[in-house]
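Student: These are the residues of each chain, in order.
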Amino acid sequence: MISGKFFVAGADRRIAITILILVAVAILVPVLNIAFPPDSALHVPSYMVALIGKYLCYALLALSLDLVWGYCGILSLGHGAFFALGGYAMGMYLMRQIGDRGVYGNPILPDFMVFLNWKELPWFWYGFDQFWFAALMVMLVPGLLAFCFGWLAFRSRVTGVYLSIITQAMTYALLLAFFRNDMGFGGNNGLTDFKDILGFNVQANTTRSALFAASALALALGVFVTWRIIGSKYGKLLMAVRDAESRTRFLGWRAENVKLFAFTVSAVMAGIAGALYVPQVGIINPGEFDPANSIEVVVWTAVGGRATIVGPIIGALLVNAGKSWFTGVLPEFWLFALGGLFVFVTLFLPKGVVGMYDQWKAGRGHRLKAAATGDAPPLAPVSPAVESARAEKGWQVPSGGPEPAAAE
Amino acid sequence: MRRNAAFTFALAILSLLAILVSPASADEATLRPVVAKFATVKNFSQTEAVVRELAATGDPAVGKPLTALSEGDLYFRKSDAAVFIGKESGQTVKLADPLTAVDAGEAAKAEVTKVKVNNSLRRVIRDVLGTLTLGAADPAARLAAAQTMFKAPDANSIEALDVAILDEHIASVKLQLEQARASAVLVSDLPASEKLAAITVLEARGGRDALSLLTAVQARADGAVKDAATAAIDRINSSLALWGAAQNVWYGISLGSVLLLAAIGLAITFGVMGVINMAHGEMVMLGAYTTYVVQEVIRTSAPGLFDWSLAIALPLAFLVAAAVGFAIERGIIRFLYGRPLETLLATWGVSLILQQAVRTIFGPTNREVGNPSWMSGAFELGQLSITWNRLWILVFALAVFFALLFVMKRTPWGLQMRAVTASRRMAASMGIRTPWVDALTFALGSGIAGIAGVALSQIDNVSPNLGQGYIIDSFMVVVFGGVGNLWGTLVGALSLGILNKFLEPYAGAVLGKILVLVLIILFIQKRPRGLFALKGRAVEA
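In the order they appear, the protein sequences are chains A and B. Here the first sequence is numbered in this note's numbering, starting from 1 and rising by one per residue. Here the second sequence is numbered in this note's numbering, starting from 1 and rising by one per residue.
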């Protein structure tokens, strides 16, 4: 699978390194957590495993958004909905695994249903006692929603900002729906109090480590799949649609189908991220559908760098580590920092951290070459605004911004 | 605690004095000798004579001793034949003045004698008391009495009502009295013809109270009365359904006016300029907090101006929000023109910062913004109940809408705005300073959001999250109505409001809202450019 082509210079080598790091992390961190005693210097504490495991799920979510936003120009403000739906599917499986160990001791009905005086399991809960069924649903439900939604939206050429706003409306509608008690998903409190997954205790260190490894491997797989999609002919089409949708259409391609595929694959990835997230944090509630969450995912991707596969992962890790640090030290200021990050990244870092690094490296290569020939250009100080304007010019793909022919 | 009790007591005394002493003070001298006669009565018929004598004075103050008498709480002291209202407690009786209820010390049980009372006397007292309130000098008191009697019909009160109806000269009170009489007739043993007439009266009144009375009649009566009651119930029901629909329309229009207010600034920034401003809701919030600050200042320094607080807050809110909007446009948005998705993200960041700033300054909890007197209360229109604040908000929303329409269509500034929107380069070539127009247009849209905040502070919680609740709805309104079209925003807001309120009874508030969102999503599929799409070159631009 990993051929020589994989190690050619540039972006591909970066992908390979990322996958290797993820696989190594998937093996090393659980080993360091379990095999070494807590007082050893090499020991990774359990809370760290849980925390980083959570971040890896976020990274997969950010990567899924990158596939549609970075490579296809669809800014979805509703990816949190796919994440949460995957999480709910997993949560339903975990609820059924509680069996008669709930507070009310009902062997079939989850606690909240007994509490609401329900007599029998609603039809949509059938099958969730089987892991394979839940695993299927984790992919099928978000995928199907994305397919239906995308089919309607792309076919009638809802693009740009309009699409962003209706995806936001979608997740908002789901938020309201899942808050309702009679929806049968635990209402306000969501699903929690999980006991077992596949027969192993969710709280146990070994299970947590396994879930961590699964998250890291899922992310590695996500990176690989995204890389394959982008590298294929289809990936070229994807970027063509992003850069000039009308032109692609005039050349005879069905732009809506191209987008629909990317959107659906991305939703499935987000669903898997959600499913891995829920057993690690131990709860899923309607708050995950909050439109604000989905927008936060966008900023992870933007910080790391759109249309780079590695960027969203770095962005998700950086921003979430920052969030954990801020909420611990200065809880008041987290929203200031996050808000400032949104503004700063859009104005000064349009290509994100990874994009900046690439630019800097390319620039250095240039300068080195120039120095070798003896006429180094003077490094004039540039104002940030000019910098951003420059970056914009260098940014050949205006990333979902409507192309000149169809600007708002 | 102690202070509180003392305060309550003082208040109680004051109100008692206010109620009992002041209106009766003129007649107290004439009432006292009559009340004193209770000490000398020998039998029930004499007592009844005294009761009737008291009633004949027509003074509401006699209610006190009469009620006490019927409850067996009227005493006279053996030593000096003074009459008191007494409460037994153990071996002693707590005494109070019969007319003013002022405390008059205690007496041993042996020192006082209870004025005896029997059931027929109690009935007399009740009738007398009913007539007494019906004969009160204050029309509002008569009306209240009639309304109480209507809701709790009693066949014994018919005679008293007949007398009151003859004496009444205010039409609205008379009508209420007749309705009270009709409801009493229906529970009496009067002949069917009387009852049929009463049913007609009740049907003319309509409403839920009449409906419940008639339903009771329907269950109890038979023959012609039952048929008449059934027919009347059907007719009342259909008229109720009609009024219910009208009430829904009103609620819908009211919700629509709120949506219109929230969306109208967005119709400028998003609709006309094409800038996605996710911080729009926060401009509304800033307006609401400006109102709060203005009211706080007025409360502490000039309480007399409270009714003017909103009028003072309006220009201030406009200026505050417009200034913030201006700063956002100059500081951030102007670097992002032509990149709508980046604008969306940057303004979202601004919204987070503004929310947190307000949370840090004013705290995370709801702040109280009061209603000026002219905005509180409600009035009835037919069977519609319309609150003043909702009505004023509707008026205000329409006023803002038409003012904005005027600015856009009839002023040089509006012309420049439209010119820049239609063709930026052409406008620049004609000498219009496009960056300046951009900044002012954005400030205008933000300022309008600010004054929307003043209005919304009257019906919503003023908290840092105020804006979040409106942002999605506002975008829905603008997208549904059609971008770049103010009339579309008006029609969009009102139709979404009414649709929402009509779905609510069938689907519940939350599900109704979800349905509306789904409908809009589907609608955008059908008409991606909204209800009133711009035609011609603007579409391509």
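These are computed hints drawn from the structure, not numbers from a lab. Wrong hints could be hidden among the right ones.
[Said to hold, decoys possible] Simulated DEER-style distance windows between Cβ atoms:
1) ASN181(A) with MET426(B): 50 to 60 Å
2) LEU144(A) with ALA219(B): 51 to 61 Å
3) VAL114(A) with GLN91(B): 36 to 46 Å
[Claimed, not checked] So the derived list for chain A, only partly shown, Cβ under 7 Å to chain B, looks like this:
4) ALA24
5) VAL29
6) VAL103
7) ILE165
8) TYR172
9) LEU175
10) ILE295
11) TRP325
12) GLY328
13) PRO331
14) LEU338
15) THR346
16) LEU347
Note that beta-carbon positions come from the ideal geometry of N, C-alpha and C, so glycine has one too.
Student: Look at each hint and say if it fits the structure.
Tutor: Okay, the hints, checked on the actual structure:
For ASN181(A) and MET426(B), the Cβ-Cβ distance of about 57 Å falls inside the hinted range of 50 to 60 Å, so the restraint holds. Judged by the Cβ atoms, the range 51 to 61 Å given for LEU144(A) and ALA219(B) holds: they are separated by roughly 54 Å. For the pair VAL114(A) and GLN91(B), the beta carbons lie near 59 Å from each other, so the given range of 36 to 46 Å is not met. A hinted interface residue such as ALA24(A) counts as satisfied when its beta carbon comes closer than 7 Å to some beta carbon of chain B; here the least separation is about 34 Å, so the hint is violated.
Look at VAL29(A): its Cβ only gets to about 33 Å from chain B, farther than 7 Å, so that hint breaks. The closest approach between the C-beta of VAL103(A) and any C-beta of chain B is roughly 27 Å, which is over the 7 Å cut-off, so the hint fails. With a least beta-carbon distance of about 5 Å to chain B, the hint placing ILE165(A) at the interface is held under the 7 Å criterion. For TYR172(A), the interface hint holds, since its Cβ comes within 7 Å of a Cβ in chain B; the closest pair sits about 5 Å apart.
For the restraint placing LEU175(A) at the interface with chain B, the shortest Cβ-Cβ distance is roughly 9 Å, beyond the 7 Å limit, so the hint is violated. A distance limit of 7 Å between C-beta atoms decides the matter here; for ILE295(A) the minimum to chain B is near 5 Å, and the interface restraint holds. For TRP325(A), the interface hint is violated, since its Cβ never comes within 7 Å of a Cβ in chain B; the closest pair sits about 17 Å apart. Taking 7 Å as the C-beta contact cut-off toward chain B, the hint placing GLY328(A) at the interface is violated, the least distance being around 17 Å.
At its closest, the beta carbon of PRO331(A) sits 11 Å from a beta carbon of chain B; the interface hint therefore is violated under the 7 Å criterion. For LEU338(A), the interface hint holds, the least distance from its beta-carbon to any beta-carbon of chain B being 6 Å, beneath 7 Å. Taking 7 Å as the C-beta cut-off, the interface hint given for THR346(A) holds, the closest approach to chain B being about 4 Å. Taking 7 Å as the C-beta contact cut-off toward chain B, the hint placing LEU347(A) at the interface holds, the least distance being around 6 Å.
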